Each structure stands twice: as C-alpha cells, then as structure tokens.
Amino acid sequence: MEINLEKKEIILNKNINELDKFVLDFCSNLNDYVLVSGYISILFGRSRATEDVDLLISKMPLEKFKEIWKISKEKGFECINTLNVEDAFKMLDEYAIRFCRKGKPIPNMEFKRSSNEVHEYSLKNKIKVKLKDGFLFISPIEMQITYKLMLGKEGNEKDLEDAKHLYELFKESINKEELFTLINKFGVEEQFEIIK
Amino acid sequence: MKIDFEELKKERKKNFEERLWFLKFWAEYIKSHSDEDWSSQQKVLINSQLQN
Chain A
1 MEINLEKKEI ILNKNINELD KFVLDFCSNL NDYVLVSGYI SILFGRSRAT
51 EDVDLLISKM PLEKFKEIWK ISKEKGFECI NTLNVEDAFK MLDEYAIRFC
101 RKGKPIPNME FKRSSNEVHE YSLKNKIKVK LKDGFLFISP IEMQITYKLM
151 LGKEGNEKDL EDAKHLYELF KESINKEELF TLINKFGVEE QFEIIK
Chain B
1 MKIDFEELKK ERKKNFEERL WFLKFWAEYI KSHSDEDWSS QQKVLINSQL
51 QN
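So the protein sequences, as listed, match chains A and B. Counting with our numbering, you get residues 1 to 196 for the letters of the first sequence. Counting with our numbering, you get residues 1 to 52 for the letters of the second sequence.
Take the hints with a grain of salt, since some may be wrong.
Said to hold, decoys possible - With a Cα cut of at most 27 Å, we get these calculated DSS-like pairs of lysine-lysine:
1. 43(B) x 158(A)
2. 14(B) x 126(A)
3. 8(A) x 43(B)
4. 24(B) x 14(B)
5. 7(A) x 124(A)
6. 196(A) x 2(B)
7. 7(A) x 66(A)
8. 31(B) x 7(A)
9. 31(B) x 126(A)
10. 104(A) x 124(A)
11. 196(A) x 126(A)
Stated by the list, open to error - Residues of chain B placed beyond 10 Å of chain A at every Cβ, according to the derived structure:
12. 2
13. 4
14. 5
15. 7
16. 9
17. 11
18. 14
19. 19
20. 23
21. 35
Stated by the list, open to error - To give an idea of the chain A side of the interface with chain B (calculated C-beta under 8 Å), a few residues:
22. 18
23. 61
24. 85
25. 107
26. 168
27. 195
Worth flagging that the hints you see were computed from the coordinates, not collected in a lab. No experiment lies behind these values; they were computed from the predicted model shown. Using N, Cα and C, we set each Cβ at its ideal position, and we do this for glycine too.
Produce the complete structure using the sequences and hints provided.
Structure, rendered in structure tokens:
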C-alpha cells in the first residue's frame, strides 16, 4: 500500500473480493461521490463483511440522475426502493435509496445525497484509492476515524473497532492536527482514548 | 439457572479489549506484508460471508 495523503491518493494492490467488485462496478459510472463509513475499513483490510456500502453523492439535477439510473440498470443494478426513476429522485430529498444487483439484495449500495457540512467536507477532501481494477473515491481518513468514534459513542463496539483499525493503519500518515480538530468538534475525546 | 450479570459485563469488556489488541496486531500485519498477502486472507472471509 502506498499512502500519500498530501496528494490525496492511496495505491492499493489488493486482491479484490466480491464486495470490492460490487463497489467498483457500481461506482465506475459516477464522478462526484465519496464512499463513507464501514466499507472504508473493509477496503483497507478489516476482516468483516457488511450488507451495505454507504455512498454520498453531490447534489445533481434530475437529468444527471436519470443518466446514472440508466447506466446502473444496463450494468445489472436495480433500485430496491422503487422502479421509477423520478420517485427515486424525489426520495433522495429525505432518504437514502439502495441499489443492488438485480434480484440480490445483499450487498447493496446506500446512495445518499449530500445534505450537510460534514458531507460537503467529505466530498471536498475526498481521497482517490487506485486499485488494480479501477479506482474509488473515499472520505478523508481523519473524518472516517472521527465519524466512527461518534457512532461508537452510542455504544456500538463495531464502530469503535472500525475506528481503531483505520487509526492503527494510518496513524503515521494522517494529519494529526486535523484529526484532533475533528475529534474536538465531534466531542469524541473519550472514545479516542479507548482506541488510541 | 442463576445469571451473574456483573460477570457477563466483565467478560464482554475483556473480550472487547482483546479484539482491540487483535486489531492492532492485524493492522501491523497489513503494514508489514504485501497487499496481495493480507487481501487474499480477507478475500476468503468476505467471499464466504457473501455467498452464504
């Protein structure tokens, strides 16, 4: 693994698994997106599976969404929530919608439109991960660690473990000042003490 | 059957600490081995979970 977070780039020569294949396939027709949450830990080796992958996408007009919908359909994906593209677009105002391979609900892609400053931060500071078979955009590692610590605040050990995995893996290369600023903003100092 | 909830709580805490220890060990393994090495191990686990 070659990590260059100043250049916002990571080169990962992993043997991709079925979950990575699913994500690469779905994301190959997207531009302005970031992957967030549990899948980031899994991408970098966490030894657990998941039933869904969280994706944030920039705000877009209906026409652009229709294009994504069309290409996804051609590639064998379908939306679990609705078969109507306009209904799906409206749903994005309030909810995430889920895409899966036709007839196979697991794994699925939780497709969510950016709706707050934390989302915008992730999109603006996204990291490009180059794999053998393509590339993916992920949320900054500092934000991922902090976000998982926040989820862990509610007592979810799995989230603290995801944060621990990312912290141990990237502690020599992340921007510590940025990490501590985010930890302070999210009020997760106590959770950081548990995993550091 | 008498259930000692205090003991179960302690056991859970200990188990969590042991998992944190393993995560540190596994992260060190990833950093000190090739991507092909660790990802082949991960692939077996993830593929089997998705196929079941």
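Exercise. Honestly, which of those hints from before does the structure not fit?
Worked result: 2, 6, 7, 10, 19, 20, 21, 23, 24
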